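K.L.:
What follows is each chain in one-letter form.
2 protein chains.
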Amino acid sequence: MKKNTYISLPVIKRLPRYYRFLGVLRKNGIEKISSNELSRRMGLTASQIRQDLNCFGGFGQQGYGYNIEQLYNEIGKILGVDKNTPTILIGAGNLGRAIASHMSFSERGFDLIGVFDKNEALAGQMIKGIPIRHISGLYNFCKDNSPVVAVLCIPEDSAKEIVEQLVNLNVKGIWNFTHYNISADFPSLSVENVHLSDSLMTLSYQLNNKD
Amino acid sequence: MKKNTYISLPVIKRLPRYYRFLGVLRKNGIEKISSNELSRRMGLTASQIRQDLNCFGGFGQQGYGYNIEQLYNEIGKILGVDKNTPTILIGAGNLGRAIASHMSFSERGFDLIGVFDKNEALAGQMIKGIPIRHISGLYNFCKDNSPVVAVLCIPEDSAKEIVEQLVNLNVKGIWNFTHYNISADFPSLSVENVHLSDSLMTLSYQLNNKD
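Protein chains in written order, with my numbering: chain A, 819 to 1029; chain B, 819 to 1029.
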């Protein structure tokens, strides 16, 4: 597959959406789709879709459309959902537990292998078959199991210290639910932020500024 | 305060970040800040910051910088965090409970007044002092309490039916944790989507496509 050298962030951010939509079509037994039909369903223009998919070498055939199974698998590969990246979760409060229980890590290319919290009272409790460990065991666990990704569900004030430790332990990516600006201090890490309160405030703005 | 008539979505999406950063500065007792310093801390260019804040009439003074308290309060007002919008949560599974327990709704302009689930076994349990109600009571509750916003933490396949019901009950905004594409079917609703699995797949892409 021919890849363009530079793919812009907005295109990358749309790939999971393509993957989801194609996954639904595939589940419904649909075999092919035109860019026009895909555009109607996704609320993007057809030319946008053709442009996006061209970034990755293009999977369409003129007059036939896209083969859904093939496109789904290719985008999955590009996204790395066929990987099995060892992942730990740090912070087993309400949010951490919900993320661990709710999210299908394995379907997205991640393998959740450890859960840590600083609260000793939680140690030994199980989430999805994984025991919660006290944070003091992080160093040894990482030396033994080499996690590549950490999910951060901890208060912002302890985030910097933890990330520093994780970087020294060779963690390469963070799924960040804190407000700590990781990329500013650790530009080499792959970081994906989920700022729930920003999203809620954006909704508030929309509600309060309807025409 | 002079407002431009059209403010682009990317600017709006940055406002909560300004609000957060200014909140931290304010908490630390800092009274003013230049756009250069704000840009260094936020990882945006100074001219971007000046442009963004100009959309809302501008709060800076040449040679002085921005008054943090004033800017914080003004952006808060623009975002509507001083509002008290009646809000319900639908879906009290792992994710719904975590959102209800974890999120400071009142600090973002929302008042969580009701929680619903289709699981009868949950009815009567409390989340943050709010009893979980069976979904069959949604109609009467909305007639009596007129919620304006609903947080959706339910499976995608029941989402369309619920949103239809909510629209008929005068709900105006949805904080959507499902993958159901609400805006396609209900363009008049204010919708803010949180697609956790898309975010996780974007992280996967980043990890697997480092230069």
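Accuracy of the hints is not assured; some may be wrong.
The list cannot tell twin chains apart, which means a pair is met if one copy fits it or any two copies do.
Simulated crosslink set (DSBU-like; lysine-lysine; CA at most 35 Å straight-line) [unchecked claim]:
#1 K1028 x K901
#2 K961 x K850
#3 K845 x K961
#4 K936 x K1028
#5 K845 x K990
#6 K961 x K990
Rather than coming from a laboratory, the hints here were simulated on the basis of the structure.
Note that the structure is predicted; figures quoted are calculated from it, not measured.
K.L.:
Each hint: holds or not?
P.N.:
Hint check:
Proximity of K1028 to K901 under the C-alpha cut-off of 35 Å is restricted to the inter-copy arrangement: shortest distance 15 Å between copies versus 43 Å within a copy. Taking CA atoms no more than 35 Å apart as the test, K961 paired with K850 passes in neither setting, with 47 Å inside one copy and 45 Å between copies. In the homo-oligomer, the alpha carbons of K845 and K961 never lie at most 35 Å apart, since the shortest distance is 41 Å inside one protomer and 38 Å across protomers. Proximity of K936 to K1028 under the C-alpha cut-off of 35 Å is restricted to the inter-copy arrangement: shortest distance 32 Å between copies versus 44 Å within a copy.
Proximity of K845 to K990 under the C-alpha cut-off of 35 Å is found in both arrangements, the shortest distances being 33 Å within a copy and 32 Å between copies. For the identical chains of this complex, K961 and K990 are intra-copy neighbours only, at 14 Å inside a copy versus 51 Å across copies, given an alpha-carbon limit of 35 Å.
Against the hints set out earlier in the document, violations occur for numbers 2 and 3.
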